[in-house]
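Per this note's numbering: the sequence shown = residues 1067 to 1666.
Note that these hints are calculated values from the structure, not bench results.
A couple of the hints might just be wrong.
Taking lysine to any residue and the SDA-like style, the derived pairs with C-alpha atoms no more than 20 Å apart in a straight line are [as the list claims (entries may be wrong)]:
| hint | residue 1 | residue 2 |
| --- | --- | --- |
| 1 | Lys1092 | Gln1169 |
| 2 | Lys1652 | Ala1453 |
| 3 | Lys1217 | Tyr1344 |
| 4 | Lys1322 | Thr1510 |
| 5 | Lys1527 | Leu1582 |
| 6 | Lys1649 | Arg1616 |
| 7 | Lys1283 | Glu1310 |
| 8 | Lys1283 | Thr1243 |
| 9 | Lys1338 | Thr1243 |
| 10 | Lys1290 | Glu1577 |
| 11 | Lys1442 | Glu1088 |
| 12 | Lys1290 | Asp1241 |
| 13 | Lys1290 | Ile1513 |
| 14 | Lys1322 | Phe1133 |
| 15 | Lys1578 | His1486 |
| 16 | Lys1338 | Leu1239 |
| 17 | Lys1649 | Gln1631 |
| 18 | Lys1578 | Ser1658 |
| 19 | Lys1578 | Ala1533 |
| 20 | Lys1283 | Ser1334 |
| 21 | Lys1527 | Lys1649 |
| 22 | Lys1287 | Thr1231 |
| 23 | Lys1578 | Thr1510 |
| 24 | Lys1322 | Ala1453 |
| 25 | Lys1283 | Lys1322 |
Simulated DEER-style distance windows between Cβ atoms [unchecked claim]:
| hint | residue 1 | residue 2 | range |
| --- | --- | --- | --- |
| 26 | Gln1565 | Asn1303 | 38 to 46 Å |
| 27 | Thr1243 | Glu1549 | 56 to 64 Å |
| 28 | Ala1570 | Pro1663 | 35 to 43 Å |
| 29 | Gln1615 | Lys1643 | 29 to 37 Å |
The C-beta atom is built at its ideal place from N, Cα and C for all residues, glycine as well.
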Amino acid sequence: MAAQALSERDLAFMLYELFDAESLTKRPRYADHSRDTFDAAIETGKTVALKHFLPIRQQVDINEPTFDGERVHLLPEIKPALDAIIEAGLAAPETDFEDGGMQLPLIVTNAVQAHLWAAASTTFGYISLTNANANLIEAHGSPEQVEKWVKPMREGRFMGTMAMTEPGAGSGLADLTTTATRDEDGGYRITGNKIFISGGDHELSENIVHLVLARVKGAPKGVKGISLFIVPKFLVNEDGSNGERNDVALAGLFHKMGGRGHTSTALSFGEKGGAVGYLVGEENRGLMYMFHMMNEARIMVGTGAAITALTGYQYSLDYARERPQGRLLANKDPESSPINIIEHPDVRRMLLTQKAYAEGAYALCLYGSQLADDEKTAETEAERAHAHTLLDFLTPIIKSWPSEYGPQANSLAIQVMGGHGYINEHPVEMFYRDNRLNPIHEGTTGIQSLDLLGRKVPMNKFAGYRAVLAEMQQTIEQARDSELSLFAADLQAALEELQQATSAVLGATAEKNPDLVFSNSVSYLEMFGHVVIAWIWLRQGLAADAGLQRNPHPEDEHFYRGKLQAMQYFFRSELPKIYHWSKLVKEIDSTSFDMQPEWF
């Protein structure tokens, strides 16, 4: 099997033909860059991935982390592999030159790190969560906190986590019980328990910086009384060296179905009097600050899910091209040689479905990165505000659609390979296990659906909703006079159906039980997600059609026609599903709502 994990041709198509990342070099922040420097960074990411992570991928999966009561033990090869990322400057290549970064656009950073996600699987989470932690402190912490905690994280000496979930309060953060008590000197002592903390303990770095949600004694009940604290594993001396161990203890490790290279921990804070914590920003505004990291993490989850789907697709595609088995039904000669399984129609169906899911999902995630770039560096304030509106609205879809359909793509990769897909001599079963976590963490699909329908759609007088629909309408208008006019018409009809469903369900909130009205919110999310992916595929189709107009050489022609065929597949086989979901939403179908607990 080929060692290449991702299609470089597809990556280049998305970056330069679909999203025109090269045009970002006209912006002052990226003026020192060119397509050559972008490609060089991507090549470095690929080199580190293939040299340091691909050879140990299976060993990381087989050798789960262990805890002997005193320290965590990981596969020894993980640390030098992560160190290679840091030494190559790939941990946070979007950060400023003066902070040791490459000052790359976020969309290029996404592509640079794609090879690392593909080869390192969830082990790369140590790096990405640390980066998100540092970004939050940089945005909301004091200059002293940035110097003390962000700088060593950027240098790769410290790593970071987010600590939200508790044994008695999973997604219900309003019920968290971890407390913060003010010291006489104005500091805080943290007491409580957190679970499912990714990267919560290990010996891969000098220190671990936990961002902990806690309630200051006397604070209001519910989410309005939550504050955010920096709680390090080790206290830090004035000279930046590690001091004594903070009152943070590892209570145990969780043994996961997948993602085994990234520890999942239960942490106890304050068993010996209280862990030292440093307040970020102001009291009672912690959840707002944490959403900075949560939203970044949600896009990260979607990206990881999309890349895992792409990796499984590429592997099963290579396998199907090389694996001889059986003959076509039309061939009546039993003496003829078996054909490679990619010739069988049903195998091509499964590969095409994977392609539509995986490439659609990753293009959506790159679009999210492009919006994050525009939010910070677009030329005018109006353009920056527009990008923020679009990204804020789309975040639940960027998180949930790839994380739902990525595992479905990985399941098909197993099916393509038959018995060989089901054994760990091949990695596709691992990809499925790794990806299956993504619909759960950083907010389950159900939570994302409530966020989309109950919050994001009506927010600011439907500003985000209208902005996204307007972007889709622009693409439809562009496609009307092209070879893709029929697909433009299909997307137009889907948009109208989406608008009808939205009006019906939000209109019902005025007169019906909100629990009933929102009981089909996941169907609404599925519908909206499919419409968005159809739009993304129409954009890919327009870019591919433009490529064909340039009379490409045969290899590129095959590539472009493959894109158009995947677009057609999505419009023919997937987009029609929205009419079923829309019916449930519009009619406020009560089947699941009416089911009584006693009837199960």
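Evaluation of the provided hints:
1. Lys1092 with Gln1169: holds, 14 Å
2. Lys1652 with Ala1453: Answer violated: Lys1652 to Ala1453 is near 30 Å, above 20 Å.
3. Lys1217 with Tyr1344: holds, 16 Å
4. Lys1322 with Thr1510: holds, 17 Å
5. Lys1527 with Leu1582: With Cα atoms ~23 Å apart, Lys1527 and Leu1582 exceed 20 Å; violated.
6. Lys1649 with Arg1616: violated, 43 Å
7. Lys1283 with Glu1310: Violated. Lys1283 to Glu1310 sits at ~26 Å, over the 20 Å cutoff.
8. Lys1283 with Thr1243: holds, 10 Å
9. Lys1338 with Thr1243: holds, 18 Å
10. Lys1290 with Glu1577: It is violated: about 28 Å lies between the C-alpha atoms, which goes past 20 Å.
11. Lys1442 with Glu1088: Distance of about 17 Å is within 20 Å: holds.
12. Lys1290 with Asp1241: This hinted pair holds, its Cα atoms lying about 11 Å apart.
13. Lys1290 with Ile1513: Since the Cα atoms of Lys1290 and Ile1513 sit roughly 19 Å apart, the hinted pair holds (cutoff 20 Å).
14. Lys1322 with Phe1133: holds, 14 Å
15. Lys1578 with His1486: Given pair Lys1578, His1486 is violated - Cα atoms ~52 Å apart, limit 20 Å.
16. Lys1338 with Leu1239: Not OK: Lys1338 and Leu1239 at ~25 Å, beyond 20 Å, violated.
17. Lys1649 with Gln1631: violated, 28 Å
18. Lys1578 with Ser1658: Holds, because 16 Å separates the two Cα atoms, which is no more than 20 Å.
19. Lys1578 with Ala1533: violated, 28 Å
20. Lys1283 with Ser1334: The hint holds at about 18 Å.
21. Lys1527 with Lys1649: violated, 25 Å
22. Lys1287 with Thr1231: holds, 17 Å
23. Lys1578 with Thr1510: Distance ~25 Å between Lys1578 and Thr1510 Cα, so the pair is violated.
24. Lys1322 with Ala1453: Violated, at roughly 37 Å.
25. Lys1283 with Lys1322: violated, 35 Å
26. Gln1565 with Asn1303: 38 to 46 Å: Given a distance of about 60 Å, which is not inside 38 to 46 Å, the answer is violated.
27. Thr1243 with Glu1549: 56 to 64 Å: The hinted range 56 to 64 Å holds for Thr1243 and Glu1549, with Cβ atoms some 60 Å apart.
28. Ala1570 with Pro1663: 35 to 43 Å: violated, 28 Å
29. Gln1615 with Lys1643: 29 to 37 Å: holds, 32 Å
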